[in-house]
Amino acid sequence: MTQMTVAKAINAGLARAMEENPKVMLMGEDIGSLGGVYRVTEGLKSRFGAHRVLDTPLGEAGIVGTAVGLAERGYRPVCEIQFDGFTFPAFNQITTQLAKIHARSDGRLTVPVTIRIPYGGVIGSVEHHSESPEALFAHTAGLRILAPSNAQDAYWMSQQAIACDDPVIIFEPKRRYWLKGDVDETTSPGDPFSASVIREGHEATVVAWGPLVPVALAAAQAAQEDGRSVEVIDLRSLSPVDFDTVTASVRKTGRLVIAHEAPTFGGLGGEIAARVTERAFYSLEAPVLRVGAYHLPYPPAAVEDHYVPDLDRVLEALDRSFAY
Amino acid sequence: MTQMTVAKAINAGLARAMEENPKVMLMGEDIGSLGGVYRVTEGLKSRFGAHRVLDTPLGEAGIVGTAVGLAERGYRPVCEIQFDGFTFPAFNQITTQLAKIHARSDGRLTVPVTIRIPYGGVIGSVEHHSESPEALFAHTAGLRILAPSNAQDAYWMSQQAIACDDPVIIFEPKRRYWLKGDVDETTSPGDPFSASVIREGHEATVVAWGPLVPVALAAAQAAQEDGRSVEVIDLRSLSPVDFDTVTASVRKTGRLVIAHEAPTFGGLGGEIAARVTERAFYSLEAPVLRVGAYHLPYPPAAVEDHYVPDLDRVLEALDRSFAY
Amino acid sequence: MTAPSHHDAAAGTLPRHQLLDERGEVREDPALSPYVEDLTLEDLQHLYRSMTAARRVDKEGTSLQRQGQLVLWVPLRGQEAAQVGSAWPTRPTDRLFPSYREHAVAFERGVRPAELMQLFRGITAGGWDPEEHQMNLYTMVLASQVPHAVGYAMGTALDRRAAESEGTPPETEPEAVVAYFGDGASTEGEIHESMVFAASYDAPVLFFIQNNQWAISVPFATQSRVPLATRAAGYGFEGLRVDGNDVLGVVAATRYALEKLRAGEGPVLIEAETYRMGAHTTADDPTKYRERDEEDEWGHLDPIERLRVHLRTHHDVDDEFFETVARENDELAHELRAEVLAMTPPAFEESFAKAYAEPHSLVEAERAEYLDYQAGFTTQDDPRDTETGGTGA
Amino acid sequence: MTAPSHHDAAAGTLPRHQLLDERGEVREDPALSPYVEDLTLEDLQHLYRSMTAARRVDKEGTSLQRQGQLVLWVPLRGQEAAQVGSAWPTRPTDRLFPSYREHAVAFERGVRPAELMQLFRGITAGGWDPEEHQMNLYTMVLASQVPHAVGYAMGTALDRRAAESEGTPPETEPEAVVAYFGDGASTEGEIHESMVFAASYDAPVLFFIQNNQWAISVPFATQSRVPLATRAAGYGFEGLRVDGNDVLGVVAATRYALEKLRAGEGPVLIEAETYRMGAHTTADDPTKYRERDEEDEWGHLDPIERLRVHLRTHHDVDDEFFETVARENDELAHELRAEVLAMTPPAFEESFAKAYAEPHSLVEAERAEYLDYQAGFTTQDDPRDTETGGTGA
Ligand SMILES: Cc1ncc(C[n+]2csc(CCOP(=O)(O)OP(=O)(O)O)c2C)c(N)n1
Ligand SMILES: Cc1ncc(C[n+]2csc(CCOP(=O)(O)OP(=O)(O)O)c2C)c(N)n1
Ligand SMILES: [Mg+2]
Ligand SMILES: [Mg+2]
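Protein chains in written order, with UniProt numbering: chain A, 1 to 324; chain B, 1 to 324; chain C, 1 to 393; chain D, 1 to 393.
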């Protein structure tokens, strides 16, 4: 077990993947000499060379598009998108190409590209640096989406994404980059595309991922102080979603609150709510409740705390759920 | 009342908007001399001139991006994206610019751009010509989305979208372009951003939009033959969604089936299911059921009928709902 | 007489290469002529055969579509020299990235016409094995394949570097990559990013533009005031303008470019000025947007006709050759037709196995639902209601 | 001595204009010198004032950020000549589209420093009225503002056309539009589509590139082998390369370009070669990626210093002027600081009124929910837990 931050864990995971497989390479803006604006790739260029850690020209479509071609040539490129809000120039390459090439080729071609996107808010920054666009990718078949919330997952998911023959997008919880945690570097863990019950309870379930996982845990803790037993699930994989684990929990607890930083309307919470309601209809004591951001562009930093769901909003939703 | 096809109704709606306001202009690939690949803009270039009907260079980001600038200059551009699958090169302009400029400017700038996207499948075409990406736009605040299903709405929504000071995306049901219907050109109708109960019933509600509205109606008809009374709602507006109308119906019927051509996972059906379940929890006799496409890229034409929801799939969902 | 072109006025200093003129006469071009000096009569006959075969298959495609046997067909007539001339000089190990009209390129790479027509039959979005032919699949989203080509080219260079640093320098010459796109697609932003990346990484990629003067109904003048080959200089690499209806000129320009690429001298751009003699697709009607006169004018510049005249007048090729080729092409078309008619779609169920390379819980669940649902129909009828809109472009 | 540049080797034939050299001496440039002949001492002093004021405000920005009063600051030091020199020749009716570092441009357009700092204070994503100043807002998504500028320019031309066809030809000269972007942003596909559209519609837009040699940590050589001004020819319009630390050169080039635009002679591109003397933003650390030597070398090319020397040696401007300006700038900074410290964020509630121009059922419902929720907190404490990550770039 080694203690490290989430950022360091990703760095270590990438380094290990690069060591083990010479076809793994990194691409992105400022990821080389600078080590990325968050220093997640620090030291990797000097360690593995400029031919394996590419400081690319400034074009996201070019980054993802050339990564597709590199993958077709046998490489396993890991692209960094500098901030969530700058993914969109690459949207066409991700949605119409990367996601579909395996199917288009009737399974003949694989494009094992990994895309790392530091995402989410509450970092006190300017426009387009704090968004949570995961739902815009989950809807597209052909992609897989991971959202680590802690150092252990950050370390292993980076490697598992790279090893996966499908394209994988990793949404990295940027405001948790400095969160420390234990990493077991020796035992390779199980299926990354599965959810994990990280706190047991029997009166309600809270599902969260990425940066909101600590908030969900804090809410469960606070609820316990009020005498309520709340189960917490770290969803971990956003596509596919591990509905079995969530459904099993809800069958037990009868109540579900889903929290995400993205706006509620059209967010992934709707999908989870709909499917879990279908699968656990008779177990539900209350409708599935969602806690998300409002249907507004991400607001200026000074008021972002009012926009992004926090402990109080999760607790308030739990209260509403218990009130049924 | 005039009988016309959906395509002709859009053409007439655009023409009327252009007549009434010299600032209205059309932009897109092949919309001028050719009249669009579906002939929706036929005759408008010769009628209004090449300066108001622009056969643009072949770049979707350029089309939407220059439309934003034209709107800032006081114009009301209507952009055509040739097919659903070609919207993605413009995704950045739509999502990070068009949608956000009003908020970014603290309400000082308005960008009344309309984007017309012929969408949906079952037209027997090749890849990227049959997709239903509406959910990818609904999640973004700042946009409005309309989905006419008939000639009357096609005629008026085109004009209402253009008149709206917010950006509006119109998803046009391309496989229904030749569907005829009555258009009342004299009485301007009400709020386009509202749903409409187009068939009354009391045992279950089916919500659909665009190309699936006739399918939903046919399902209700077939259900009636089996002795079931099914209400049908044409959702009409996908952002905002008129939850009041849907909720009121479900409070009455106790059952809801939502049908859309887009893949179920991450589609708008989840949002509607989640919100209606929350608002009508105690009225629901069964979980809200969704009928959508599978989590696969749109398949080749020869097998598309198995992918896109049809009458039988809606009926099967109704049966499942009634079985609760 | 020179080929009509929308931009000759603005063409300025960029010369337009031509080795075989409209009357089948050879023209000297100091830069490019050496690149076709070694061509034998057999080579010329091969080029002729490929061009005419492609045209014959193309004709069959249109007729099959008219008869409802294909969902769509994309005619290539007029572009045979540009396509065959650029594909023929490539080596089996080079990788080609087409747009969606490069049928003659595909055939030259060994893709069988029937394989290719599966896409237009509506039974697959692909059709052939890209690895087997080193020929990527068609891409419907314009320009999207071009960054892939650049990335692939970057990969070939990385492979050589790796081999060299391991002390096992490859014995073969460097591979090259060809990215095809059209005058219309040249406007897409991804083309630009592709050029920047290619220049930045000295990628061995040839950007091969078929400027067929039209993007559906939009004339080239809307996309550019100047020849597209001019753009290359803005990225710091070479751009060549060549008569795209002159197969020798295209072969020479391509060989010149491939040589440069293999020497590690970075990307090259070729703009082949040609003409789409037919409709954009079988769903298109060119009378809506262009003049018969223009079509006629370009008709005189037919790439096949000039090679035929050249073979006749300068190589004494006689009727027998031309008749044999025509007969062989008819047979090819005949067999193709039979194959197309016999094609059946895969079961929809197979789609579930193609979306992901590795197991996927949602896809598995939906596959089970689908099979269950299908099993629920006990009647002999297919459960589908088959109302279709019947349009496409 | 010439300015160091990553691409001088490849620059080839494209001349680099310079009117005021590094030692403050005037150089003759047959093409551009006439465009600054009329400049009075007062004009020069105005340029000096603007440049130094911008630099002073910039310094205050960094210090305010260091003190936690701004969420971020984007320094412009080194780019004052490029910015003031391009903004000063514009007319009030011209429209400017900045990226996010064009503070000196904004000030020249009458935006008050405090207005501008609202964005960096984290209380708005905008800050000023774009209509009042004919100066658009900052855009964080690189290159995205450039197609807007082209569309706006298309609109000005359409307006004139409409007025003329109504028989009321406008008396004023045509308006021009300026689109600012950087060497890094030049790689984005939207830049290319902007250039194609601008050329296609003869749009009166000036593409003004500040090539400050770096895109955060990525040197210019990664984006291009040749000067970016070279790209213009590939679209069929003129591109000029100018010493961006020479305010006279920039004024002249801009005037030349604006004249062309107003004459309807289509788009023009100017690449101003300059240098970002400081960090990319206050979150950046340039020691990680560039040499002190390079910074020092460019330090000798300071745009303000050379104008100061010029004013002193050729116009007898004395200490008093420079001291007065310095004092005024300090006062400006002082007032700015007070204003910034006094700024309070709008209530979050106001956000609900800004997302849409017209009533919106979901936003109204969520606004009501929010107010209800807020009302539920009866304690005097703000309900928010204020854990923040505290990083940004
Ligand atoms: C991104 C995108 N936008 C629009 C289309 C629709 N479309 C198909 S072909 C075509 C014209 C292409 O012209 P060009 O690139 O010159 O190729 P050509 O058809 O002439 O071979 C258009 C607009 C598309 N396929 N992809
Ligand atoms: C589309 C997009 N990608 C990435 C970024 C992150 N980013 C902000 S500034 C910058 C470098 C920009 O360089 P340049 O265009 O030269 O402008 P400069 O900062 O030098 O003024 C990057 C990569 C962004 N803002 N937008
Ligand atoms: Mg073309
Ligand atoms: Mg820069």
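Do not rely on the hints blindly, as some may be mistaken.
Stated by the list, open to error - Reference excerpt, derived from the structure (chain D facing chain A, CB under 8 Å, subset only):
id	residue
1	Val26
2	Thr124
3	Val141
4	Leu142
5	Ala185
6	Lys288
7	Val309
8	Leu311
9	Phe321
10	Phe322
11	Val325
12	Phe352
13	Glu366
14	Tyr370
15	Leu371
Hints are computed from structural coordinates only; laboratory data are not their basis. Given the structure is predicted, the values throughout are model-derived calculations rather than measurements. Note that the Cβ used here is the ideal one computed from N, Cα and C, for glycine as well.
Structure-based check of each hint:
The closest approach between the C-beta of Val26 (chain D) and any C-beta of chain A is roughly 36 Å, which is over the 8 Å cut-off, so the hint fails. Annotation: Thr124 (chain D) was flagged as interfacial toward chain A, and the flag holds, the nearest CB pair being 5 Å apart, inside 8 Å. Because the beta carbon of Val141 (chain D) sits about 6 Å from the nearest beta carbon in chain A, less than 8 Å, this interface hint is met. Interface restraint check for Leu142 (chain D): the shortest CB-CB distance to chain A comes to about 7 Å, inside 8 Å, so the restraint holds.
This hint holds: Ala185 (chain D) has a C-beta 6 Å from the nearest C-beta of chain A, less than the 8 Å allowed. Proximity of Lys288 (chain D) to chain A holds as hinted, the smallest CB-CB distance being about 5 Å (cut-off 8 Å). Taking 8 Å as the C-beta contact cut-off toward chain A, the hint placing Val309 (chain D) at the interface is violated, the least distance being around 35 Å. A distance limit of 8 Å between C-beta atoms decides the matter here; for Leu311 (chain D) the minimum to chain A is near 37 Å, and the interface restraint is violated.
The interface hint given for Phe321 (chain D) is broken, as the beta carbon of that residue sits about 37 Å from the closest beta carbon of chain A, more than 8 Å. With a cut of 8 Å, the hint placing Phe322 (chain D) at the interface with chain A is violated, because the nearest CB-to-CB distance is about 35 Å. Because the closest C-beta pair between Val325 (chain D) and chain A is about 31 Å apart, greater than 8 Å, the hint is violated. For Phe352 (chain D), the suggested interface contact is upheld, since its CB lies about 7 Å from the closest CB of chain A, less than 8 Å.
With 8 Å as the threshold, the beta carbon of Glu366 (chain D) comes within range of chain A, its nearest partner Cβ sitting at about 5 Å, so the hint holds. The interface hint given for Tyr370 (chain D) holds, since its Cβ lies 7 Å from the closest Cβ of chain A, which is under the 8 Å cut-off. Hint status for Leu371 (chain D): violated, given a least beta-carbon distance of 11 Å to chain A, over 8 Å.
This entry does not satisfy hints 1, 7, 8, 9, 10, 11 and 15, going by the numbered hints stated previously.
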